[in-house]
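Residue numbers (the working numbering), protein chains in the order written: chain A, 16 to 331; chain B, 16 to 331.
Incorrect hints may appear among the rest.
Put simply, identical chains are the same to the list, so a pair is met inside one copy or across any two.
[To be verified] Subject to a maximum C-alpha distance of 20 Å in a straight line, what follows is the list of computed PhoX-like cross-link-like pairs (lysine-lysine):
id: 1; residue 1: Lys52; residue 2: Lys306
id: 2; residue 1: Lys74; residue 2: Lys130
id: 3; residue 1: Lys208; residue 2: Lys131
id: 4; residue 1: Lys306; residue 2: Lys216
id: 5; residue 1: Lys158; residue 2: Lys145
id: 6; residue 1: Lys219; residue 2: Lys256
id: 7; residue 1: Lys195; residue 2: Lys216
id: 8; residue 1: Lys159; residue 2: Lys56
id: 9; residue 1: Lys202; residue 2: Lys159
id: 10; residue 1: Lys294; residue 2: Lys52
id: 11; residue 1: Lys36; residue 2: Lys130
id: 12; residue 1: Lys36; residue 2: Lys123
id: 13; residue 1: Lys38; residue 2: Lys130
id: 14; residue 1: Lys145; residue 2: Lys56
id: 15; residue 1: Lys316; residue 2: Lys306
id: 16; residue 1: Lys195; residue 2: Lys159
id: 17; residue 1: Lys305; residue 2: Lys36
id: 18; residue 1: Lys131; residue 2: Lys202
id: 19; residue 1: Lys36; residue 2: Lys74
id: 20; residue 1: Lys294; residue 2: Lys36
id: 21; residue 1: Lys56; residue 2: Lys294
id: 22; residue 1: Lys202; residue 2: Lys305
id: 23; residue 1: Lys305; residue 2: Lys268
id: 24; residue 1: Lys289; residue 2: Lys159
id: 25; residue 1: Lys306; residue 2: Lys56
id: 26; residue 1: Lys195; residue 2: Lys38
id: 27; residue 1: Lys145; residue 2: Lys123
id: 28; residue 1: Lys135; residue 2: Lys159
id: 29; residue 1: Lys307; residue 2: Lys52
id: 30; residue 1: Lys213; residue 2: Lys38
Bear in mind the hints are in silico, worked out from the structure with no lab data behind them.
Nothing here was measured: the structure is a model prediction, and the numbers come from that model.
Residues per chain are reported as follows:
Protein chains: 2
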Amino acid sequence: MKIKGIGGEFALIKRITKFVKDKDLIKGIGDDAAVIKIGNKYLVITTDTLVEGDHFSFKWFTPKQVGKKAIEINASDIGAMGAVPKYVLVSLVLPVDIDVEVIDEIYKGMWEAGKKYNTKIIGGNMTHGKQLVIDIDMIGEAKKENLKFRSSARPGDFILVSGDLGASTAGLNLFLNNTKDHDYVKKKHLEPKAKFYKVKKFLKYINAMIDVSDGLASDITRICEQSNVGAIIFKGNIPIKEETRNAARAVGKDAVDYALYGGEDFELIYTVSKDNLGKVGGFLVGEITKKKGVRLYSNSKERLITKHGYDHFLIK
Amino acid sequence: MKIKGIGGEFALIKRITKFVKDKDLIKGIGDDAAVIKIGNKYLVITTDTLVEGDHFSFKWFTPKQVGKKAIEINASDIGAMGAVPKYVLVSLVLPVDIDVEVIDEIYKGMWEAGKKYNTKIIGGNMTHGKQLVIDIDMIGEAKKENLKFRSSARPGDFILVSGDLGASTAGLNLFLNNTKDHDYVKKKHLEPKAKFYKVKKFLKYINAMIDVSDGLASDITRICEQSNVGAIIFKGNIPIKEETRNAARAVGKDAVDYALYGGEDFELIYTVSKDNLGKVGGFLVGEITKKKGVRLYSNSKERLITKHGYDHFLIK
């Protein structure tokens with residue numbers, strides 16, 4: 016059995032995941048990060064990997080931007096748990112012919128992005144391989160009452176997103192097509208930022224939360240699967256900037272597809288009960304339902320949407 | 016500037032390392048693992064990477080052995096800090112054509128090795144790339160009084176190792192040369208084991224400690240650099256099994272070189288004051304000196320030995 020194809024990653028994770036019982040393990044595999052209780056503190060731990068040619072290309076990324084991205088995407092996972100980043104370990108797989116200046120710049124980017132969050136690099140590892148791989152482990156801390164899981168969405172909750180979607184994928188597609196201009200979406204692709212500061216003030220009203228790493232369709236599916244619920248997304252309410260629509264049009268694509276299946280926006284998706292809707296910010300894009308499956312509502316019609324967001328195994 | 020060549024890794028680490036000030040950071044970059052204080056608990060965190068073709072080859076490793084190795088080498092780092100492993104995060108970079116059965120077996124190996132230490136896989140990440148990369152993050156816990164650092168060796172301390180050296184490298188060289196038999200050293204290469212159980216009973220008498228991942232010369236140099244001391248190693252006292260000497264001879268090599276520069280034995284090197292020598296086990300191989308540099312004593316002569324142990328950047 017090969018892992019190629021839609022859903023390969025999902026099937027694989029299910030196959031190798033074991034149920035772990037541990038009194039101090041608050042959340043294991045299946046969320047943006049694991050949560051362990053250490054004394055009376057809650058530690059949130061995540062790991063994410065950037066592979067050259069898959070997650071970034073030096074054709075359009077500077078090494079410093081790559082370093083920043085490595086930190087931001089992990090900070091995004093930590094933030095999606097309701098935690099704040101604290102410490103970082105960096106594992107590098109380096110091709111033997113890489114310039115040290117490139118590594119210097121990657122580290123500069125990591126320190127610069129880390130500084131924003133008062134996050135420090137405290138360890139790591141270096142070895143060599145055929146292509147550059149940057150693996151980040153990030154450790155954050157959360158107050159118990161702030162911890163947010165994918166599994167806490169309830170039927171009747173509204174679904175909100177913290178900002179506009181699809182821009183990063185639009186940017187990537189412009190780069191892949193050598194298309195000029197459209198600086199807004201290109202910058203969104205080159206300089207992603209964790210967005211947890213946007214929800215900080217109203218965290219207590221949020222039921223379930225996840226960050227948009229693989230697209231709205233894929234990431235809301237993760238909430239639904241973990242919460243044992245379904246969702247309906249109102250197509251017309253998905254926040255997409257005019258710049259993103261224009262950029263998509265320039266390469267003959269639909270910006271809604273980028274928002275649903277593109278990923279790497281690192282906005283947050285969160286669910287809120289009707290009573291609390293007035294107390295939170297963000298864009299209302301749908302509703303959690305008892306009925307399973309994720310459906311897209313448009314022109315008075317509903318259709319099931321699949322979870323095949325930005326499937327890393329599909330990208331060549 | 017390219018990172019090829021002897022000492023490239025050392026120079027690079029110095030270049031990108033920043034001094035980190037943080038009240039809860041007990042030990043940052045420069046030891047087997049980082050140590051942070053969470054409430055009144057001491058958390059020890061390490062990361063280590065296995066790259067196919069560099070750290071293992073499926074020509075002689077089974078996928079299960081690879082999984083076990085990934086856990087054991089990280090457990091060795093945690094143990095070298097005086098801590099016990101608790102939790103694991105697994106980041107995989109998978110070639111698109113890998114069989115799922117291979118990944119199943121790698122995970123089986125990881126669970127099996129983890130079980131020995133009551134260590135659980137609580138999270139991870141998966142993506143694809145040109146070659147298989149297994150990056151493990153391991154989190155352990157230590158009592159404050161058990162924490163051991165590379166930086167605590169004192170002039171006059173004796174240097175001990177917990178077991179015989181050179182066997183793993185001997186095994187690797189037999190595989191590379193397609194040499195038959197010599198099962199002892201081959202098994203040592205294929206099934207490395209963390210050895211911290213060997214020093215558990217007398218931890219309190221140990222001053223500085225490190226695990227042998229890159230060879231006695233390289234790893235004692237790390238202790239010396241961190242402790243601002245030197246060392247003398249008595250060549251005749253390095254514990255090397257007859258099986259290892261025979262295996263080295265079979266490919267025209269000297270087993271002492273394997274012990275000094277080979278690595279991956281995962282025995283522990285530790286220093287103990289003269290007063291405490293009678294209270295610890297292990298093989299006495301040398302002495303910590305005020306005089307800087309690491310010297311090898313043999314036939315009434317001393318010579319400086321360099322730290323270029325198993326330099327991953329030198330291995331093709």
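Checked hints:
| no. | hint | in the structure |
| --- | --- | --- |
| 1 | Lys52 <-> Lys306 | neither (34 Å within a copy, 46 Å between copies) |
| 2 | Lys74 <-> Lys130 | neither (27 Å within a copy, 44 Å between copies) |
| 3 | Lys208 <-> Lys131 | within (11 Å within a copy, 40 Å between copies) |
| 4 | Lys306 <-> Lys216 | neither (31 Å within a copy, 58 Å between copies) |
| 5 | Lys158 <-> Lys145 | neither (41 Å within a copy, 40 Å between copies) |
| 6 | Lys219 <-> Lys256 | neither (28 Å within a copy, 62 Å between copies) |
| 7 | Lys195 <-> Lys216 | neither (39 Å within a copy, 67 Å between copies) |
| 8 | Lys159 <-> Lys56 | both (8 Å within a copy, 18 Å between copies) |
| 9 | Lys202 <-> Lys159 | neither (35 Å within a copy, 47 Å between copies) |
| 10 | Lys294 <-> Lys52 | neither (30 Å within a copy, 36 Å between copies) |
| 11 | Lys36 <-> Lys130 | between (36 Å within a copy, 12 Å between copies) |
| 12 | Lys36 <-> Lys123 | between (40 Å within a copy, 17 Å between copies) |
| 13 | Lys38 <-> Lys130 | between (34 Å within a copy, 16 Å between copies) |
| 14 | Lys145 <-> Lys56 | neither (40 Å within a copy, 39 Å between copies) |
| 15 | Lys316 <-> Lys306 | within (16 Å within a copy, 81 Å between copies) |
| 16 | Lys195 <-> Lys159 | neither (47 Å within a copy, 58 Å between copies) |
| 17 | Lys305 <-> Lys36 | neither (28 Å within a copy, 50 Å between copies) |
| 18 | Lys131 <-> Lys202 | within (19 Å within a copy, 48 Å between copies) |
| 19 | Lys36 <-> Lys74 | neither (45 Å within a copy, 36 Å between copies) |
| 20 | Lys294 <-> Lys36 | neither (36 Å within a copy, 38 Å between copies) |
| 21 | Lys56 <-> Lys294 | neither (28 Å within a copy, 37 Å between copies) |
| 22 | Lys202 <-> Lys305 | neither (39 Å within a copy, 55 Å between copies) |
| 23 | Lys305 <-> Lys268 | neither (33 Å within a copy, 69 Å between copies) |
| 24 | Lys289 <-> Lys159 | neither (23 Å within a copy, 49 Å between copies) |
| 25 | Lys306 <-> Lys56 | neither (37 Å within a copy, 45 Å between copies) |
| 26 | Lys195 <-> Lys38 | neither (55 Å within a copy, 48 Å between copies) |
| 27 | Lys145 <-> Lys123 | neither (23 Å within a copy, 26 Å between copies) |
| 28 | Lys135 <-> Lys159 | neither (23 Å within a copy, 22 Å between copies) |
| 29 | Lys307 <-> Lys52 | neither (32 Å within a copy, 44 Å between copies) |
| 30 | Lys213 <-> Lys38 | neither (32 Å within a copy, 28 Å between copies) |
Going through the hint list in order, the structure does not satisfy hints 1, 2, 4, 5, 6, 7, 9, 10, 14, 16, 17, 19, 20, 21, 22, 23, 24, 25, 26, 27, 28, 29 and 30.
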